[in-house]
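Colleague: One-letter residues, chain by chain:
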Amino acid sequence: MSFERTQEKLKILADAAKYDVSCASSGSKRSNTSKGLGDATGMGICHSYTEDGRCVSLLKILLTNYCIFDCAYCVTRKSNDIKRAAFQVQEVVDLTINFYRRNYIEGLFLSSGIFKSADYTMERLVAVAKKLRLEENFNGYIHLKSIPGASDELMKEAGLYADRLSVNIEIPTKEGLKLLAPEKNREDFIKPMKKVKNEIILYNSEKKLIKSTPKFAPAGQSTQMIIGAIGESDQQIMWTSNYFYKKFNLKRVYYSGYIPISYDTRLPQIGTAVPMLRENRLYQTDWLMRFYGFEVHEILNNDHQNLDLEVDPKLGWALRNLEQFPVDVNKADKRMLARVPGLGMKSVYKILQARRFRNLNWEHLQKMGVALNRAKYFLICQSRDFERRDLTGPQLKSLILQNSTSKYQKILSPQLSLFE
Amino acid sequence: MILPQDYTLVYDGTFDGFLTCVFHVYDLKLKQVHIQRKSHAQESLFGTSEEVLTDLEKSDRVWKGIKKKTTAKGRSKLYYAFLSEQKQVENLLLRYIQYALNSTMLIDADFANQDVLKVTQVAKSVGREKHRMEAFVRFRLTKDGLYFANIEPDFDVLPLISAHFKRRYADQKWVIYDLKRNYGLYYDLEKVDIINLSLPDDFDATKTTSEFFATEELEFQTLWQDYFESTNIPSRKNMKLHIQHVPKRYWKYLSEKLR
Ligand code: SF4
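Sequence order for the protein chains is Y and U. Our numbering applies: residue 59 is where the first sequence begins, and numbers increase by one. Our numbering applies: residue 30 is where the second sequence begins, and numbers increase by one.
Excised from the complex, chain Y in its bound form (with noise of 0.2 angstroms):
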């Protein structure tokens, strides 16, 4: 590996990697059993976080920023003059290797722009994941790319060997991929993801039959959406991303606030701020979706297409349901807990364990760390002292609104805990 190019390279390749904010690395069952290098079992870990807050997990790198391809909003768009690097394969084993023996990573995050065709694109990415694990006996975490319109052949020998495989749809809308990358159908993100899909169903169903069956991408799939290119709205890009969820079994949905890039007229220009806080309310939304038991409807519809940016969801939810509050802290159960504004799903658990032993009151509930602020208002506990004023949802926004600006310019955080 002479150093110099590989350095080259490596800025490049991670330079138009970056976009991708897929950072996971954890939900693999990957265990170090031949006395190899790496394991990917339990929840994955941040080795560092740049200076925008993310996490830094995997070495999250492009194979290549050559493409066929013409994609709006890109930087690795066919049109767009810059610099451009193909990595080889045995490059990217090497660093992936040298970085993981000195802890900086969890393992690899393989991307790559469409060289010549889709299939000989995947192919370069399976090599370099299949050399890893047959030849360097790598057992870290595995990410790859499903380059659209790959082969079922390849999307299968690829989940053999990555713990999990992702095709971005980018653009949440049908009529916004048309505008943005006319070349694209989203046929061809749907293809490798029903492959993936079935796959793991397969493999699922004869792993009960023979134990020794063969991993195939046990992390699951992945997908992210850009946001704000196209003046989509949140019921919009909730409703495809449960669509998703459902139908493909996706374990994320990742939400990438549109980071300007060309003066391409069809997007928002250069100096057009990142909508950051509209991307955290998104997310907020997502995990009310998946572990607070909310359907999207719910929280988006007709009467109400997007998200209010000065509430998070939940107490947008709450303030629109006001008749279902206030919630007994001693008596409701998870699914009505798990509602009420400002209460993550750690205070209810321990709400659930502490209330065995007594009944709770204000004081219980703040020594065990339980963020009152805004659930005071929506609870009633062990206590003659609560809310009683019978206020509107407009009056009860302005008055958390007002108590609470300190806290509420909380640094935003995209991917973590949200609620707490």
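Keep in mind that a hint or two might mislead.
Negatives, chain Y to chain U, calculated, CB over 10 angstroms [to be verified]:
#1 GLY94
#2 LYS255
#3 ASP322
#4 ASN379
Only pairs whose alpha carbons sit at most 30 angstroms apart, straight line, appear in this in silico DSBU-like list of lysine-lysine [said to hold, decoys possible]:
#5 Y:LYS189 to Y:LYS255
#6 U:LYS147 to Y:LYS389
#7 U:LYS159 to Y:LYS425
#8 Y:LYS305 to Y:LYS389
#9 Y:LYS76 to Y:LYS304
#10 Y:LYS389 to U:LYS153
#11 Y:LYS87 to U:LYS159
#12 U:LYS96 to Y:LYS404
#13 Y:LYS69 to U:LYS277
#14 Y:LYS273 to U:LYS202
#15 Y:LYS249 to Y:LYS266
#16 U:LYS281 to Y:LYS76
It is worth saying that the hints were derived from the structure and are not from the lab. Glycine included, every Cβ here is placed at the ideal spot set by N, Cα and C.
Starting from the known structure of chain Y, fit chain U with the ligand onto it as the hints suggest.
Modeller: Leaving out everything else, chain U with the ligand in the frame of chain Y:
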């Protein structure tokens, strides 16, 4: 404050030593008791002070007793909190153990009880430090083909991270050395041992000199620093969040932060 009628037990700082003290408390039916590690022990004008010798048989008996009255989670909380080395944590743990042994219910989740809550909180900070060290250890390849890392954790977390590193780096020799507590873990491809190093006087843990480290080591550090820079998105910069995740006190041994 130690009062004339109080009893102080001094032990060697090990977990077994602490459990031996608990044995004494029960054995001698001590009421007003303080347990202190030797390195923290303060001379007191009042009360009786006694040095307790670690006795594995006694500590084992206590642990068995605790096992009957706690959940696995509760026991791990006790151990984690112990490793915090915080002043008077022993007294807190003793109260927790007494509460557990006296109760008919398993009390590990009684968060409205002050001692249970406190132990849970301290254990949580130790757990956070464990995770940080699993993340922030940066191995550097030495001339002898050994992967060497130095750390200065807030709490004594080496015993907690050993299994993780052994599992993950099964095919390379490594050392993780706690410079603050002056001991480390050494994995020799078979097992993990505890070691004490006498580092050269001029050893600067923040520098990667060619005297100790392999030639390619600096190259990979450079590549890693480049990567770290390239993967950043300036238009999303948020230093507050960054520092919340990577507090400044850890920076000095993080290769990506050395530029
Ligand atoms: S195909 Fe992929 S890499 Fe190529 S321009 Fe489109 S989005 Fe970018």
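Colleague: Each hint should be assessed against the structure and marked as holding or not.
Modeller: Hints and how they fare:
1. GLY94: Its Cβ does come within 10 angstroms of chain U, the nearest being 6 angstroms, so this is violated.
2. LYS255: Holds, because the least Cβ-Cβ distance between LYS255 of chain Y and chain U comes to about 30 angstroms, which exceeds 10 angstroms.
3. ASP322: At about 17 angstroms from chain U, ASP322 of chain Y clears the 10 angstroms cut-off, so the statement holds.
4. ASN379: Non-interface label stands for ASN379 of chain Y: nearest chain U Cβ at 29 angstroms, farther than 10 angstroms.
5. Y:LYS189 to Y:LYS255: Measuring from Cα to Cα gives roughly 24 angstroms; hence the hint holds.
6. U:LYS147 to Y:LYS389: With a Cα-Cα distance of about 26 angstroms, the restraint between LYS147 of chain U and LYS389 of chain Y holds, given a limit of 30 angstroms.
7. U:LYS159 to Y:LYS425: holds (24 angstroms)
8. Y:LYS305 to Y:LYS389: With Cα atoms ~36 angstroms apart, LYS305 of chain Y and LYS389 of chain Y exceed 30 angstroms; violated.
9. Y:LYS76 to Y:LYS304: Holds, at roughly 28 angstroms.
10. Y:LYS389 to U:LYS153: holds (28 angstroms)
11. Y:LYS87 to U:LYS159: Between LYS87 of chain Y and LYS159 of chain U the Cα gap is close to 21 angstroms, so the pair holds against 30 angstroms.
12. U:LYS96 to Y:LYS404: holds (26 angstroms)
13. Y:LYS69 to U:LYS277: Roughly 26 angstroms separates the two Cα atoms, so the pair holds.
14. Y:LYS273 to U:LYS202: Measuring from Cα to Cα gives roughly 29 angstroms; hence the hint holds.
15. Y:LYS249 to Y:LYS266: holds (26 angstroms)
16. U:LYS281 to Y:LYS76: The given pair, whose Cα atoms are some 26 angstroms apart, holds under the 30 angstroms limit.
The structure fails to meet hints 1, 8 from the earlier list, while all remaining hints are met.
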